[in-house]
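Protein sequences appear in the order of chains S and U. Start counting the first sequence at 1; every next residue gets the next number (UniProt numbering). Start counting the second sequence at 1; every next residue gets the next number (UniProt numbering).
It is worth saying that the hints were derived from the structure and are not from the lab. One or more of the hints may lead you astray.
[Said to hold, decoys possible] Here are the simulated lysine-lysine pairs, PhoX-like style, with alpha carbons at most 20 Å apart:
(1) Lys232(S) x Lys274(U)
(2) Lys274(U) x Lys414(S)
(3) Lys275(U) x Lys232(S)
(4) Lys241(U) x Lys79(U)
(5) Lys69(U) x Lys79(U)
(6) Lys232(S) x Lys7(S)
(7) Lys7(S) x Lys274(U)
(8) Lys7(S) x Lys17(S)
(9) Lys17(S) x Lys232(S)
(10) Lys55(U) x Lys44(U)
(11) Lys313(S) x Lys302(S)
(12) Lys414(S) x Lys275(U)
(13) Lys275(U) x Lys55(U)
[Said to hold, decoys possible] Negatives, chain U to chain S, calculated, CB over 12 Å:
(14) Asp101
(15) Asn141
(16) Ser187
(17) Gly189
(18) Ala200
[Stated by the list, open to error] Here's a subset of chain U near chain S, in silico, CB distances under 7 Å, partners left out:
(19) Pro7
(20) Ala14
(21) Val16
(22) Leu17
(23) Leu19
(24) Thr24
(25) Thr26
(26) Leu150
(27) Ala243
(28) Arg245
(29) Gly249
(30) Ile256
(31) Trp264
(32) Tyr267
(33) Ile270
(34) Arg272
Only a predicted model underlies this, so the values are computations on that prediction, with no experimental measurement involved. Each residue gets a CB set at the ideal place from its N, CA and C atoms; glycine is no exception.
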Amino acid sequence: MSFPWAKQYEPKSPVMKWVDERLPFPRLVYNAVGAGYPVPRNLNYFWNFGVLAGAALAIQIVTGIVLAMQYSTDATTAFFSVERIMRDVPAGWFLRYAHANGASMFFIVVYIHIARGLYYGSYKAPREMVWLLGVVIFLLMMATAFMGYVLPWGQMSFWGAQVITGFFSAIPLVGEPIRIWLLGGYAPDAAALNRFFSLHYLMPFVIAGVIILHIWALHIPGSNNPTGVEVKGEQDTVPFHPYYTAKDGFGLGIFLLVFAGFLFFAPNMLGHPDNYIEANPLSTPAHIVPEWYFLPFYAILKSFTADFILDAKLWGVLAMFGSILLLFFLPWLDNSPVRSSNYRPTYRWFLIVLALDVLVLGYVGGAEATNGNVLIGQIATAYYFLHFLVILPIVSAAERPRPLPNSITEAVLKGKGGTSPSQTAIPEAHSPQPAE
Amino acid sequence: MIRIIAPLIGLGFAFVLVLGLFGTLTSEAQPETAEHEFHEHPKKLDLASNGVFGKFDNQQLQRGFQVYKEVCAACHSLKYVAFRDLAALGYSEAEVAAIADDYQVPSVNPDTGEAATRDGVAADRFPLVYPNEVAARAANNNAIPPDLSLMTKARHDGAAYVYSLLTGYQPTVPAEVTQKYPEFQVSPGLNYNPYFPTLALAMAPPLVADNQVTYADGTPATVDQMAKDVAAFLVWTAEPKLAARHTAGLASVLFILIFTGLAWGSYKTIWRDKKH
Chain S
1 MSFPWAKQYE PKSPVMKWVD ERLPFPRLVY NAVGAGYPVP RNLNYFWNFG
51 VLAGAALAIQ IVTGIVLAMQ YSTDATTAFF SVERIMRDVP AGWFLRYAHA
101 NGASMFFIVV YIHIARGLYY GSYKAPREMV WLLGVVIFLL MMATAFMGYV
151 LPWGQMSFWG AQVITGFFSA IPLVGEPIRI WLLGGYAPDA AALNRFFSLH
201 YLMPFVIAGV IILHIWALHI PGSNNPTGVE VKGEQDTVPF HPYYTAKDGF
251 GLGIFLLVFA GFLFFAPNML GHPDNYIEAN PLSTPAHIVP EWYFLPFYAI
301 LKSFTADFIL DAKLWGVLAM FGSILLLFFL PWLDNSPVRS SNYRPTYRWF
351 LIVLALDVLV LGYVGGAEAT NGNVLIGQIA TAYYFLHFLV ILPIVSAAER
401 PRPLPNSITE AVLKGKGGTS PSQTAIPEAH SPQPAE
Chain U
1 MIRIIAPLIG LGFAFVLVLG LFGTLTSEAQ PETAEHEFHE HPKKLDLASN
51 GVFGKFDNQQ LQRGFQVYKE VCAACHSLKY VAFRDLAALG YSEAEVAAIA
101 DDYQVPSVNP DTGEAATRDG VAADRFPLVY PNEVAARAAN NNAIPPDLSL
151 MTKARHDGAA YVYSLLTGYQ PTVPAEVTQK YPEFQVSPGL NYNPYFPTLA
201 LAMAPPLVAD NQVTYADGTP ATVDQMAKDV AAFLVWTAEP KLAARHTAGL
251 ASVLFILIFT GLAWGSYKTI WRDKKH
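Produce the complete structure using the sequences and hints provided.
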């Protein structure tokens, strides 16, 4: 599953030769993330974020497994066990803050990774499967993060669980029974906490499995690149190792610096103070807000205020799930043959507006529901849906893309952008298909 | 097909949003409330524990503990803190044992098995002030004095909030509030304080006069000083590992910087003759 010029694994020691003949695992690693995987030579720093997301998941799994050794899954002792971790367990504060801030770092990295895919058209043929699996990973991450946030059993844990499981009660007729079935009771309690912990422990491994499929699917066509032009020959690529392992090492350093900044110096900045108050079913917090990474979706939920055939609440829930599910259709909504938005002068602006739009939604999601904020949220939500479902199909059909470079190498040698007027606007019609 | 259905769905969502938008435009703005307008953000509070290099000032923490013990502890528990933790404030083993000994912790009578109390030991956590919520409400005009262990992390800008609340009481509702909101009233038994979200709280001003406590280190015990000290102490109860975290953080950042520098060097070396 690589280009014809990909290096082949040659075991150097007799031991590795022996292993390779019986279980070619070293060969698999070599072809996946070693010198056997040829990668476009022009990747920019945005291509670091896939590896960083993998690192973030590894950090979450390691810290999470150790935390689980000290955590108590019982509604009466969960909050206390977290405080015991913070106070009495050696380096417990480090593990817990690493896990809590690690979740935020994971989302920061994944949001940049998704934005990279959107901007450079990484979702387009022949990489649709990579994108679809990516959206699955994102959904699994959201479920995992939500359930993890419930575990400390603070006020926001409890009321967040109450609000989010309440989405299901918006389903006509069967909604309320479904909600009770999911929670194992009428309100979040011992049953809910136990099942959330069980699933919170399971899902990261499911995510890891889907990541393997994600990378597998990526290695069939090979990585996209900032020009969006397919690889044409050996001169367009470099072996993943050592070229990109070295670059990812540097990227990892920057990632860890930012991570350490939060973990050691502002560990509670991204959290909510109310979660240091033990869950109390009789006292509703003044403002129930989810973690920052869910705020744009929370804003979408809150923006539907009019009943029209369906309840406003059901519209909100449909739109919130729809806002993510529509990403599954993205490869077919956009039928522009050009991948990279660098060569899409019109669409590029709409994408920038979308990025700002999502930031505005994030603000509205966390802000008080004054009339002004609701209004902004409604406009921003409308743009979100119009962007993907109306503007994108129209612009991708109507837009005249800028001329593409003939090859990655040509773009590299010409410097940034790498276009000249003499080049054709026809995207690679006869690019060599990588050998299976 | 999808490029026909998708725009219809998109326009559908947009249509419902526009309906809602008209609703928002025609609905009356929520009336401004006294709670919204006169609720103040906490005053600025400089503590030794603030900032990247922040460390605890043990003298101050001991003074703060004294204020807690002599004033706050009448109603507020500190249930996540153990007596042994106080050693971090600079108390000797004997002093910690003496402090613990002053408290009665729940126990059972070894002869009858009935509920009883015994003298605290260093390994115990601070006992609850009231045996349960009902008792707490009964003793406090139906309000529950919250546990203070995590207070400075459970409020926005927690230490400054505690300090501001303790020094922010006003004997009567200010004239500007009653002028603008004649219907605003502080219910009997509550006290006006602009740093509390509802402007009125059940807790009576706990620090009422200078020298309410007598500091062992001779620091003048003004109300302001006592409020600062107890706020500093509550930063420690909420985050006892703060100083260790800062130290570990500086070492980690230094280590990662060296790692990142080396990684940068190897990246540049490996890519030296590859234009990209």
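Comparing the hints with the structure gives:
Of the pairs offered as hints, the one joining Lys232(S) and Lys274(U) holds, with about 17 Å between alpha carbons and a cut-off of 20 Å not exceeded. A threshold of 20 Å between alpha carbons decides the hint, and for Lys274(U) with Lys414(S) the separation of about 14 Å falls inside it, so the pair holds. Between Lys275(U) and Lys232(S) the CA atoms are separated by roughly 17 Å; this keeps the pair inside 20 Å, and the hint holds. Distance restraint check for Lys241(U) and Lys79(U): the Cα-Cα separation of roughly 17 Å lies within the 20 Å cut-off, and the hinted pair is therefore satisfied.
For the given pair, Lys69(U) sits about 13 Å from Lys79(U) by alpha-carbon distance, which is consistent with the 20 Å threshold. Restraint check: the Cα-Cα separation between Lys232(S) and Lys7(S) comes to about 17 Å, which is no more than 20 Å; the hinted pair holds. A threshold of 20 Å between alpha carbons decides the hint, and for Lys7(S) with Lys274(U) the separation of about 18 Å falls inside it, so the pair holds. The straight-line distance between the Cα atoms of Lys7(S) and Lys17(S) is roughly 17 Å, inside the 20 Å bound, and the hint therefore holds.
In summary, the hint linking Lys17(S) to Lys232(S) is not supported, as the alpha carbons are separated by about 33 Å, beyond the 20 Å threshold. Distance hint between Lys55(U) and Lys44(U) is fulfilled; the C-alpha atoms sit about 18 Å from each other, no more than 20 Å. Proposed proximity of Lys313(S) and Lys302(S) is supported: the alpha carbons are some 8 Å apart, at most 20 Å. Pair hint Lys414(S) plus Lys275(U) holds up; C-alpha atoms about 10 Å apart against a cutoff of 20 Å.
Annotation: proposed proximity of Lys275(U) to Lys55(U) is violated, straight-line Cα distance about 49 Å (limit 20 Å). Against the 12 Å criterion, Asp101(U) stays outside the reach of chain S, whose nearest CB is about 22 Å from its own CB. Every Cβ of chain S is farther than 12 Å from the Cβ of Asn141(U); the closest lies at roughly 17 Å, confirming the non-interface assignment. Every C-beta of chain S lies more than 12 Å from that of Ser187(U), the closest at about 18 Å, which supports listing it as non-interface.
At the 12 Å boundary, the C-beta of Gly189(U) stays outside the reach of chain S, the nearest C-beta of that chain being 19 Å off. Non-interface status of Ala200(U) relative to chain S is upheld: no Cβ of that chain comes within 12 Å, the nearest being about 15 Å off. Nearest Cβ of chain S to the Cβ of Pro7(U): about 5 Å, under the 7 Å cut. The hint holds. Below 7 Å, beta-carbon pairs count as interface contacts, and Ala14(U) has one with chain S at about 5 Å; its hint therefore holds.
Interface hint at Val16(U): satisfied, since its Cβ lies 5 Å from the closest Cβ of chain S, which is below the 7 Å cut-off. Restraint check, Leu17(U) versus chain S: the minimum CB separation of about 5 Å is within 7 Å; hint holds. At a threshold of 7 Å, the smallest CB-CB gap from Leu19(U) to chain S is about 4 Å, leaving the interface hint in force. Given hint, Thr24(U) at the interface with chain S, holds; its Cβ is 5 Å from that chain's nearest Cβ, closer than 7 Å.
With a least beta-carbon distance of about 10 Å to chain S, the hint placing Thr26(U) at the interface is violated under the 7 Å criterion. Using the Cβ-Cβ criterion of 7 Å, the hint placing Leu150(U) at the interface with chain S is satisfied: the shortest such distance is roughly 4 Å. At its closest, the beta carbon of Ala243(U) sits 11 Å from a beta carbon of chain S; the interface hint therefore is violated under the 7 Å criterion. The beta carbon of Arg245(U) comes within 6 Å of a beta carbon in chain S, closer than 7 Å, and the hint placing it at the interface holds.
Annotation: Gly249(U) was flagged as interfacial toward chain S, and the flag holds, the nearest CB pair being 3 Å apart, inside 7 Å. Checking Ile256(U) against chain S: minimum C-beta separation of about 5 Å stays under 7 Å; hint holds. Of the supplied interface hints, the one on Trp264(U) holds, with its beta-carbon coming within about 5 Å of a beta-carbon of chain S, less than 7 Å. With 7 Å as the threshold, the beta carbon of Tyr267(U) comes within range of chain S, its nearest partner Cβ sitting at about 4 Å, so the hint holds.
The closest approach between the C-beta of Ile270(U) and any C-beta of chain S is roughly 5 Å, which is under the 7 Å cut-off, so the hint is satisfied. Among the interface hints, the one on Arg272(U) is violated; its C-beta lies about 11 Å from the nearest C-beta in chain S, farther than the 7 Å criterion.
In this structure, the hints that do not hold are numbers 9, 13, 25, 27, 34, in rising order.
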